[in-house]
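Chemist: So the chains spell out like this:
There are 2 protein chains.
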Amino acid sequence: MRILLTNDDGIYADGILALFNELKKVGEVTVVAPDSEKSSVGHGITLSHPIWLKKVQRKSKFFGYGISGTPADCVKFATNVILKKKPDIVVSGINLGANDGCSVFYSGTVAGAREGALLGIPSMAISLATFINPEFRYAAQVGAKLTKILFRNKLAKGVFLNVNVPNVSSTRIKGIKLTRQGKVPIHGSFQKRIDPNLRDYYWMTGKCPTAKKNSDIDTYALHQNYVTVTPVTCDLTDDQSLEQLKAWKL
Amino acid sequence: MRILLTNDDGIYADGILALFNELKKVGEVTVVAPDSEKSSVGHGITLSHPIWLKKVQRKSKFFGYGISGTPADCVKFATNVILKKKPDIVVSGINLGANDGCSVFYSGTVAGAREGALLGIPSMAISLATFINPEFRYAAQVGAKLTKILFRNKLAKGVFLNVNVPNVSSTRIKGIKLTRQGKVPIHGSFQKRIDPNLRDYYWMTGKCPTAKKNSDIDTYALHQNYVTVTPVTCDLTDDQSLEQLKAWKL
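One line per chain: the protein sequences are A and B, in this order.
Residues in the first sequence are numbered from 1 upward in steps of one, following this note's numbering.
Residues in the second sequence are numbered from 1 upward in steps of one, following this note's numbering.
Honestly, the hints are just simulated from the structure, not real lab data.
Note that CB positions come from ideal geometry on N, CA and C, so glycine has one too.
Treat the hints with care, since some could be wrong.
The calculated DSS-like cross-link candidates involving lysine-lysine, where the alpha carbons are at most 30 Å apart (straight line), are [unchecked claim]: (1) K183(A) / K86(B); (2) K174(A) / K192(B); (3) K55(B) / K86(A); (4) K86(A) / K61(A); (5) K212(B) / K212(A); (6) K192(B) / K207(A); (7) K212(B) / K86(A); (8) K192(B) / K55(A); (9) K174(A) / K249(B); (10) K192(B) / K84(A); (11) K213(A) / K246(B); (12) K192(B) / K183(A); (13) K24(B) / K246(A); (14) K183(B) / K183(A).
Ranges between beta-carbon positions, derived for each pair [to be verified]: (15) T171(A) / D216(B): 50 to 60 Å; (16) R193(B) / K174(A): 22 to 32 Å; (17) R2(B) / W203(A): 19 to 29 Å.
These stretches of chain A come out as covered by chain B in the derived footprint (C-beta under 8 Å, 3 or more residues) [to be verified]: (18) 11–18; (19) 25–32; (20) 87–96.
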């Protein structure tokens with residue numbers, strides 16, 4: 001199994017190294033990831049700037065390719081320039097911070113997996129639900145297990161998996177749960193601040209949505225210490241609204 | 001009708017001015033848009049940098065607020081900081097370049113409308129299918145007409161409209177067509193170039209997908225000179241795959 005591994009925290013992040021160490025037990029891994037942190041870049045791509053490539057060592061050994069772009073750029077670049085053959089699977093993560101609910105739109109890590117799915121490759125994003133004191137080992141093991149399962153089975157074309165893992169000891173994990181994407185929006189708010197030159201500026205901060213008590217929803221199941229697995233589509237057409245719009249007589 | 005207008009080509013672009021001039025005939029318009037071009041930033045948001053705000057004049061009159069961020073930032077910022085009340089509608093565009101098919105993932109303009117939809121506001125993105133010699137007037141008129149229709153009617157929560165307009169004279173437009181999002185991927189390729197210091201770099205270029213001959217699909221209908229209207233969902237859960245995944249015994 002030839003695995004393409006990317007992320008949005010950048011090629012020097014702890015999460016991608018932990019996942020690499022587990023994935024290399026189950027396949028041949030090529031790492032192509034942003035050369036610096038690209039959190040919350042969504043599915044952005046780099047069309048108006050040059051893209052630079054560098055080989056990256058970690059622990060004195062070749063680790064992978066650092067790209068001066070986004071996770072979606074990395075997947076495009078890897079499949080076009082670096083890899084001789086299309087990879088069997090694209091894995092993106094482990095992200096520092098959950099990507100449940102509406103985070104699927106903002107996350108560069110999720111976009112890495114989505115780009116794989118758009119290109120017709122089985123793909124998965126995996127994220128750890130914490131920003132502090134991450135313990136990546138269990139998430140990496142789950143990631144490698146799910147990678148094998150995804151490779152063996154077939155998801156519909158244009159569908160990928162979005163996996164979130166609670167940051168608790170493996171003994172406290174209740175299991176792996178199939179879930180739906182939460183729809184409660186992340187309300188950004190803005191702190192007004194003053195710079196050293198006395199000019200006003202703003203800093204965005206997000207309030208994580210309160211999870212509705214419904215364990216079918218990724219946000220709530222994750223809070224209940226389940227590993228959540230949500231199948232995500234790349235066909236955004238809303239069929240019900242298509243029917244409804246017919247009555248609008250456009 | 002209180003309209004929030006944004007885009008990804010930036011507050012100084014021609015497309016947003018043309019749309020503003022038509023929208024102000026049908027409602028009270030507040031422009032909050034990126035202070036520079038933010039094409040292809042997808043649904044990225046700015047969490048690790050300050051956000052700056054400036055008032056922008058065009059033609060010697062106050063035009064709107066320029067934000068040092070993405071279209072999604074603009075919608076969050078406008079609804080949090082600038083506007084006293086939630087707008088009745090969010091309109092994003094007119095984009096220079098079509099946003100049919102898989103462009104819904106890469107486009108900042110589409111993300112502006114999606115952010116509105118996530119916040120529970122009726123929203124619409126509108127794009128003109130050309131990069132050269134744009135003629136925005138007809139598209140702006142269609143945009144204002146569809147804005148009124150969207151305001152009068154109710155789309156399901158979390159669904160917004162993605163509108164694309166051919167860049168031909170209005171007499172050659174065949175009509176307004178309800179469509180589905182095309183799923184043919186945009187295959188990026190990379191030109192290898194050499195900089196003045198003799199270092200290799202790459203430049204991404206995209207090959208627009210060949211439209212399948214199916215006028216239900218936005219890409220093809222647009223080529224056939226229809227204005228396309230695609231209802232886009234913010235619930236990415238793939239229901240069929242959820243059923244299928246039950247058999248995987250995770």
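Chemist: Just to be careful, I want the Cα atoms of K212(B) and K86(A) compared with a cutoff of 30 Å; is the pair within it?
Modeler: 24 Å, holds
Chemist: Does the structure keep K192(B) and K84(A) at a Cα separation of 30 Å or less?
Modeler: Status holds; Cα separation ~16 Å.
Chemist: Hinted pair, alpha-carbon criterion (30 Å max): K183(A), K86(B). Please report holds or violated.
Modeler: 19 Å, holds
Chemist: Holds or violated: K86(A) with K61(A), Cα cutoff 30 Å?
Modeler: 25 Å, holds
Chemist: Holds or violated: are the alpha carbons of K192(B) and K55(A) at most 30 Å from each other?
Modeler: 16 Å, holds
Chemist: CA of K183(B) to CA of K183(A), is that 30 Å or under?
Modeler: 23 Å, holds
Chemist: Next pair to validate is K24(B) with K246(A); report whether the Cα-Cα distance is within 30 Å.
Modeler: Judged against 30 Å, a Cα distance of about 27 Å means the pair holds.
Chemist: If you check the beta carbons of R193(B) and K174(A), does the distance land in 22 to 32 Å?
Modeler: Violated: the Cβ-Cβ distance is about 52 Å, outside 22 to 32 Å.
Chemist: Between the alpha carbons of K213(A) and K246(B), is the straight-line distance 30 Å or under?
Modeler: Distance of about 22 Å is within 30 Å: holds.
Chemist: State whether the coverage of the region 87–96 of chain A by chain B holds or is violated, taking the criterion as 3 or more residues with Cβ-Cβ distances under 8 Å.
Modeler: Violated - the region 87–96 of chain A has 0 residues with a Cβ nearer than 8 Å to chain B, which falls short of three.
Chemist: Does the region 11–18 of chain A contain three or more residues whose Cβ lies closer than 8 Å to a Cβ of chain B?
Modeler: violated (count 0)
Chemist: So does T171(A) sit 50 to 60 Å from D216(B), Cβ to Cβ?
Modeler: Roughly 52 Å apart at Cβ, these two residues keep to the hinted range, so it holds.
Violated hints, listed in ascending order, are 2, 3, 5, 6, 12, 16, 18, 19 and 20; each of the other numbered hints is respected by the structure.
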